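Undergrad: Below, each chain spelled out in residue letters.
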Amino acid sequence: MSKQRHQRSKKAGLPPGTLVHIGEKRAEKTKITIIDFDGADFHERETDAVDECFLFKDKPGVTWINMEGVHHVELLERLGECYGFHSLVLEDVMNTEQRPKMEDYSDYLYVVLKMLRYNDSDGGTLSEQISLIVGPNFVFSFQEGIEGDVFGVIRERIRSNKGRIRKMGADYLAYSLIDAIVDNYFAVLEKLGEKVELLEEMIVSNPETETLREIHFLKSEMIFLRKAVWPLREVINALERGESALVRESTRVYLRDVYDHTIQIIDTVETFRDTVSGMLDIYLSSVSNRLNAVMKVLTIIATIFMPLTFIAGIYGMNFKYMPELQWRIGYPLFWLVILVIAGTMLIFFRKKDWL
Amino acid sequence: MSKQRHQRSKKAGLPPGTLVHIGEKRAEKTKITIIDFDGADFHERETDAVDECFLFKDKPGVTWINMEGVHHVELLERLGECYGFHSLVLEDVMNTEQRPKMEDYSDYLYVVLKMLRYNDSDGGTLSEQISLIVGPNFVFSFQEGIEGDVFGVIRERIRSNKGRIRKMGADYLAYSLIDAIVDNYFAVLEKLGEKVELLEEMIVSNPETETLREIHFLKSEMIFLRKAVWPLREVINALERGESALVRESTRVYLRDVYDHTIQIIDTVETFRDTVSGMLDIYLSSVSNRLNAVMKVLTIIATIFMPLTFIAGIYGMNFKYMPELQWRIGYPLFWLVILVIAGTMLIFFRKKDWL
Amino acid sequence: MSKQRHQRSKKAGLPPGTLVHIGEKRAEKTKITIIDFDGADFHERETDAVDECFLFKDKPGVTWINMEGVHHVELLERLGECYGFHSLVLEDVMNTEQRPKMEDYSDYLYVVLKMLRYNDSDGGTLSEQISLIVGPNFVFSFQEGIEGDVFGVIRERIRSNKGRIRKMGADYLAYSLIDAIVDNYFAVLEKLGEKVELLEEMIVSNPETETLREIHFLKSEMIFLRKAVWPLREVINALERGESALVRESTRVYLRDVYDHTIQIIDTVETFRDTVSGMLDIYLSSVSNRLNAVMKVLTIIATIFMPLTFIAGIYGMNFKYMPELQWRIGYPLFWLVILVIAGTMLIFFRKKDWL
Amino acid sequence: MSKQRHQRSKKAGLPPGTLVHIGEKRAEKTKITIIDFDGADFHERETDAVDECFLFKDKPGVTWINMEGVHHVELLERLGECYGFHSLVLEDVMNTEQRPKMEDYSDYLYVVLKMLRYNDSDGGTLSEQISLIVGPNFVFSFQEGIEGDVFGVIRERIRSNKGRIRKMGADYLAYSLIDAIVDNYFAVLEKLGEKVELLEEMIVSNPETETLREIHFLKSEMIFLRKAVWPLREVINALERGESALVRESTRVYLRDVYDHTIQIIDTVETFRDTVSGMLDIYLSSVSNRLNAVMKVLTIIATIFMPLTFIAGIYGMNFKYMPELQWRIGYPLFWLVILVIAGTMLIFFRKKDWL
Amino acid sequence: MSKQRHQRSKKAGLPPGTLVHIGEKRAEKTKITIIDFDGADFHERETDAVDECFLFKDKPGVTWINMEGVHHVELLERLGECYGFHSLVLEDVMNTEQRPKMEDYSDYLYVVLKMLRYNDSDGGTLSEQISLIVGPNFVFSFQEGIEGDVFGVIRERIRSNKGRIRKMGADYLAYSLIDAIVDNYFAVLEKLGEKVELLEEMIVSNPETETLREIHFLKSEMIFLRKAVWPLREVINALERGESALVRESTRVYLRDVYDHTIQIIDTVETFRDTVSGMLDIYLSSVSNRLNAVMKVLTIIATIFMPLTFIAGIYGMNFKYMPELQWRIGYPLFWLVILVIAGTMLIFFRKKDWL
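Chains as they are written, first to last, in the numbering used here: chain A, 265 to 619; chain B, 265 to 619; chain C, 265 to 619; chain D, 265 to 619; chain E, 265 to 619.
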C-alpha cells in the first residue's frame, strides 16, 4: 500500500480530468482482449492497438473489451474520445487508488471495484483495481495489469455458450464480472479463516511474541478487507436500486443475489474482527498469567531458602559463647529444624494453591 | 463452522442459479414428509420420492412439505421446475451458509432461518439452516438433515387439530414454524445464561487459566448468536410490514408477537455480551491482584531475612579483632537485635496493610 | 433474574395465545382492587372474584381494576372473554419476562412496564412487571404480586379528589400510573448514585478486591436499568405521538412531561455507566501503582543488602592468607565501607524518587 | 451534583404540575429585575414583589423580567396565573435538575438551559439552570440564584442602546441571552483546555498517582459538559427550525450562528474526551514502563551479587581438606574471579540494553 | 492550537456581527491579490488598498480576490458594505477557529475550509483557515496570512489559460480552489502514512518510551485531521446537492469528484486511526513481554543460586560435631552436589522453555 500512497500527491493542483497514472506500472504494454458475442455469433481477439475497439462500437451484439494496464495516457484518451467518456472517468480509471464506487453518467455506468486474490507465497491479500464502464451494448473492464484475473470462468462460459450469458445484454455481462470478483472474496476469507483458527490454537497453547505480530498482521488485513467490502456493498446496492435504464429488470434479481453475498462477506469480516480483537485480550491475559507463574516460582524459592540460609548463617557465626555449637546433637537438630521449616512452607504453598 | 467455510469457494465463477450443495452432507437420503390439511381433512405421508409432492400442488388445502437434506441437486431441480421456483432460490436452499433473509418473489416468499439447538454433549450451540418457501397454499421447509427438529409440537397440533392452525392458511403455518424456531432460541439462551452465571462465580472465587478459555468460548458463542439473531429480526419485520398479499392481516398480529420475541432475544444476547466483556476485565484485575499478593509475600520475606542474614554474615567474619565475638552476652544480644528488627518489620508491614 | 429465565422455554412450541404463567408465583391468591369514579362519585372494593369486574364494564365513569398476581389462567381467560382482549395480550400479561412495549389494539392499548423498587436489605434493585390495558373508560393494571406498589399516592388522590384526576378520563389515570412508576426510578437512581459516590471514594483511598466486586455489581445493575429504561422511552413516545383516539390531546402534554423524565433517567444511567467504567480503569491503575510500590520496596532492600552481605561473606572466608583479617583496623574499616555503600545507595534511590 | 440528586424523589407520586422546589436554595429572597424597552424608551427597576411584573404584561415594548431564586412557590403560582403559564412549565422552572429542552406552548416558548461558569477556586465547573419563557413581547429568565450571571453585557447593550437589540423583538432578546450563555461555554472550555495541556506534560514527565486522580476528574468534567451541551444543540436547532411564529425570520439567521457555536463546542468536548482517554492509556503504559525499569535494577543487582555471594560462601566453608584455602595466591585469585564474573555480567546487561 | 483557543472568549457577550479577530495575527499588512479574467482577457494586480476591489464589482468577467490576513476590522467592514455581505459572515471570516461549513445567503455562498500543509521542520500539520465567498461573478478567498498557499497552480492555469478554467464561471473557480485544498490533504496523509509505517517497524523491533510519545502524537494528529475532514465532506456534499443557482449543473459533476476524494481521505484517516490504536495494544503487550523476560532471568538466577548458597552456608557452620567436614572426600563431594543441583535446575528451565 505504501508505495502507491506516495504517488497520489502527484496530481495535486492539476486541472480535473488530467490523465495521470497513479499506481505501480505493472505491465509493459497494455493488452487488449475483445470478445464480441450475441446468442448466435462469437468473436474473440487479442491486440494492443486501441483502434480495433472502435470497430465494435456500433455493432448490435455485446462487446466486452478487457484492458490490462491503465498507464498509457494517450491510449485512454483516444478511447475516451471515440466512446465519449467523461474525462473524470478516464482520470479515475488511471488512478488505481480509488475507493469502490458507482457513477451513473446516463449513457453509461462507471463502476470501480477491488479484485482480491490470496497471495499464497506471503500469505497476504493481493488487491487489484477493476474499473468497469457499462454501456448499452458494451462493457469495458480495466485491470491494473497484474498477471491473471478471476474472469477465466466467464470467458469459458461465453465461448462454450453455457448458461444464459450469451442471450443476455451488457448489464448481465457486467453482473457476471462483479459476481466473479465477489465470489473470489470468499476464497480469500476462507484462507484468512484458516489463519484465524490456527492462531486461536497457538494462543491457547503457546503465546509467543510471534503470535502478537501475527495478530497485528491479521488485524491489518481485516481493516484492509473492510475498506474494500463496505463500499462494495453500496456499489451493488446502487446498481440494483438505481434508476438507470442500462440495468434491466431481469438482471436486478441477480444483483440482489450478489448484494446478499456482500452482506455475508461483511458479516464474516466483522466476526473475524471481533474474534481477532478477543484474541488480543486472551493473549494479554495469558502473558499476565505466565508472569504470575514465574513470580510464584521465584517467591517459593526465595521464601523457602531465605530463612534456611539465615539459620545456616547463624551457626556460621564466630561468637565465642554459642552453646548450640558444642552440642553433640546440634548438627542433626539443625537439619531437623531446616526440614520442618521447609516442609511447613511447602504445605503453606500447597494450601495457597501455588504448587 | 470452519469446515463449512472451506466449501463456499467451490461456487466461485459458476453461473448464477447453478445448484451446488454447500455444507456438510448430513443425511444419506433426503427424507420428505408431506402433511396436507384443511379444517376438516388431514393427510400425512413420508416418502423419498419427490414426485409425490407434485400431487398436492393444486389441492385446495394447505400442504406442508418438509425435506431433510438439501444435497440432492436433481431432486431440487425437479421440484423447482414443477413449482416454478427461481433458480436463485434453489441455489440458496442448497447453500447452508446463508444469512437469515426474506425475499419476496410475488408468487411465493423465500425465508432463510437458523434453527438453533443446544448441544448437551459439548455445551456448544448447534445451528441448522431452515429454508421456507411460502406460497398461497403450500409451505416448503428444507432442513440440512441433522437428526431431529423443533417442529414436533406443530405436527402434533396439526394432527390433533389443536388451536387454530388447521383453520388458517399457509402463512399461519409458516408463522408457526418460525415461532417454534424462535421459541427454541430461548432454551439456548437459558443454557448460556446458566453458563454465564457459573462463570461469574468461578471468576470471583478462583480465576484459573481455564476460566479464560471459558470466557473466550462464551464470547464466540455470543458473536455467533448475534450473527443469527440480528438478521432474524429484520426478516420477521419484513414479513410483518411487507406488502406481500401472501401474508394475511390476521397473521401479522402473530408475527408482531414473534418480532417482540426476537427483540427480547437480542436484548438478552446483548446483556450477556456486556456481562462477558465485564468478566474479562474482572478476570484481568483478579490476575493482577493475585500477582500483587504474590509479590507482597516475596517482598515481606526478602525484607525480613535479608538484613538478618547480613547481620549473621557479619559475625561469621574472621577478623582477628572483633570485640563483640568475645563478649559473653554477644550471642544472646545478637538474638535480641534479630528479634527487634524482625518485629519492627512486621509492624511496618501490618501498618502498610500487607499482612 | 436467573430463575425466571429458566422458565421461558416452557412455552416453546405452544400455540400462540396459550396462557402460561412465566415468572415466580408471588402471591397465593390474586387480589383484585376495583376503584370506580367520576367527578362526583367514588367506589372502592377489594375482592378475589373476577366476576365483580364485569359489573363495571359498561358503567359511564372510569374504572381502575388492579390485579396482584398473574398466575391464574382461568381468571384471566374469563376476563379476556368478557372484555374481548386478544389472546396474545393475555399471554403477555402472564409472561413476566416481557420487555417494556406498547401495542395499539384500537379498542384498547396494551402497555408493559417495569416497576423498579430499591431493595434496602441487599442493596439490589427489585423489578416487577406491570401490564396496563387502557380502554375508553377502564384501566386494568396487572402486578406480579410482590407485596406493595408505588400506586398508593394515586389511590389517595382519587379518594380525596385531589388534583384533576377524578375529572379526567381513563387515559389520564393510565398516565398517572406510568408517572408514578417513572418517578420511582429516580429514587432507585438516587440510591445507586450514593453507591457510586461511595465507591469512588473507596477506590481512591483503598482499592480492595471487594471494590472490584462492587464495581462488577454496579455494572450489572446499570445494564439491568438500561434494559428497563431504554424501551420505556419508546413506549411513552409511542403513547404521546401515537394516533390512538384513546389518548386525548389534553393528556399528551403530560405524557411529554413523563417522556422528558425518561430521557433524564437515561441520561443519568449513561452517566453512571461512564463513571463506573472509568472507575474500573482507575482501579486497575491503582493496582498497578501498588505493585510498583511493592516492587520498589523489594528492590531497595535487595539492592542495599545484597552487596553488603557479599562483603560480609568475603571476610567470612577461611583463606589462610587474607591480610585484611589480621589488621587491627579491619573490623571498623569494614563498618565504614558498609555504611558508605548503604548511604550511597540511599542517596541514589532518593534521587530516583523511589523513597 | 450529589446533593441535588437526593431531592428529586420528593416529587414521586405528586400530581403533575405540583410546584416543588428541587435543588439547593441559593438566595434567601427572590430578586426580580424588570427591564422594559423599545427603540426609544427604557425602564429598569429592581424589586422583590412579583405584582410589579403584571404591570408590564400588556405594554407594547419588550419586557425582560429576570428572577433570581426559584424556590418561592406562591410567587411562581401568581406569576403563572397572571400570564397563563401551564402548571407543568412552572413545575419545571422550580426543578433545577432539568435537561436542556425547548417546548412550544404556542403562546410562548419554554426553554431550559444550563449556564456554566468556571469556578476558579476549586477548578471545577459551576452549573446553574436558566429557564426562559419567551412570549410575543416579554422574556422571563429564571436563575437558581447563585451570585452573578453572564447577562451583564446584555444589560449594558440595552441600557446604552448598542447594536440592534433595542430595535428587535422579544425573540432577539431571548437569542441574545442564549448567545451569552453559549459564549461562556468557550471560556469554560479554554480553562479545561489549559488543564488538559498541563496534564499532558505531567504524564510524560512524571506519572504520579495524583495524575491518575486528575485524569479521573477531567473525565467526569467531560461527561458533565457533554450532558449539558448535546441537548443544548437540539434546543437551538428546534428554535431555529421550529415553526413557532414567535421566532421571526430575521432572528433565525442569528440562531443558526449560535447553533454553529454549539457544534464547535461539542467538537471541542469530544476532542478533549479523546485526548483524556488517550492519556489514561499513556499513563498505564508509563506505569508499566517504570515497573520494568524497577525490575531491571533488581534483576541486575541480584544477578551480579548472587553468584558472587555463593563463591564467597564456598570459601567460608569449614571442610578440613580444601586445597584452595591453603594457596598463597588463593585470596587474590578469588578477587580476580569475582571481578571477571561481575565484568562479564555487566557486559551482558549492556548488550541486552538494560544499562 | 492552544494559543488560539485562549482568545475565543474575547467575544463573549458582544453583539452578533461584531468584528473581532480571533487567531494569531500572522501578517502585518493584508495583502490583496485581484485576478480578473474571462475567456479572452486576464488582469492581475497586487495591492493593499481594499478600494481597488470595488472596481471589479460589476464587471462581466470572473473576479478572484484573494486576501492574506483577516485581522483588519475596518478593511473587512468596508468590503462588506460594498458587496452587501451579512455581518455574521464578516464575523466568521475574522474568526479563524471556525469549523468547516457552508452557508447559503442566496446572493452568495459562504464556505469555510481548513487548508492543511505538512510542516517538514517539526513533522506536524499546519492548519490555515480559508474562507470563500462565492458570488455570481466573483470569488473572495480569505487566508489567515501564513506565508504561501496551495493556489499557485490555479493562478498558473488562469494565467496560461490552461484547461477550461478561463471559460467557466465563478463556481468553477471556487471548485478549483477547494479541489486544490483537498488535493493537498493527500500530501499530508502520505507524510503521516510514512510515519505510521516507521512507527510500526519501531514497535516490533524496539519498543522505547519514545515510541509511546510518538504514538500519542500521531493519535492527536489523527483526531485533528478527523475534525478537519468530516465536516469538509458535508460542506462539499451541501455544495453539490444544494439548490443554490450559483452552482451550475456542469460544475456539480466536478464537485462529486472532490466529494469522492474527501470520502477517500476519511477512509484513510480512519484506517490510520485503527492502525495507531492497534499499535498501542502491541506496545503494551511488548512491554509486558519484556517484563516477563526480565523476571525470568531474575527467577532463574535466584532459583539456581539460592539453594547453592544455602548448601555453602551449611558447611560454613561451626558445629563441633559435623562429620562431613572431616571427610577427605567432603569438598569434592560438595562440588558434585552443587553441579548436580545446578544442572537439574537448568534442565528444568529448559523444559519450561524459559531458556
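Everything labelled a hint here was simulated from the structure, so no lab data went into it. Treat each hint with caution, since some may be false.
[Claimed, not checked] Going by beta-carbon spacing under 8 Å, a handful of chain D positions derived as facing chain C:
id, residue
1, PRO364
2, LYS365
3, ALA444
4, LEU476
5, PHE481
6, LYS483
7, VAL551
8, PRO587
9, TYR595
10, ALA606
11, GLY607
12, THR608
13, LEU610
Since the structure is predicted, the reported quantities are computational estimates derived from the model, not experimental observations. Note that the Cβ used here is the ideal one computed from N, Cα and C, for glycine as well.
Undergrad: If you check each hint against the structure, which ones fail?
TA: As far as the earlier hints go, 1, 3, 5, 8, 10, 11, 12 and 13 are violated by this structure, in ascending order.
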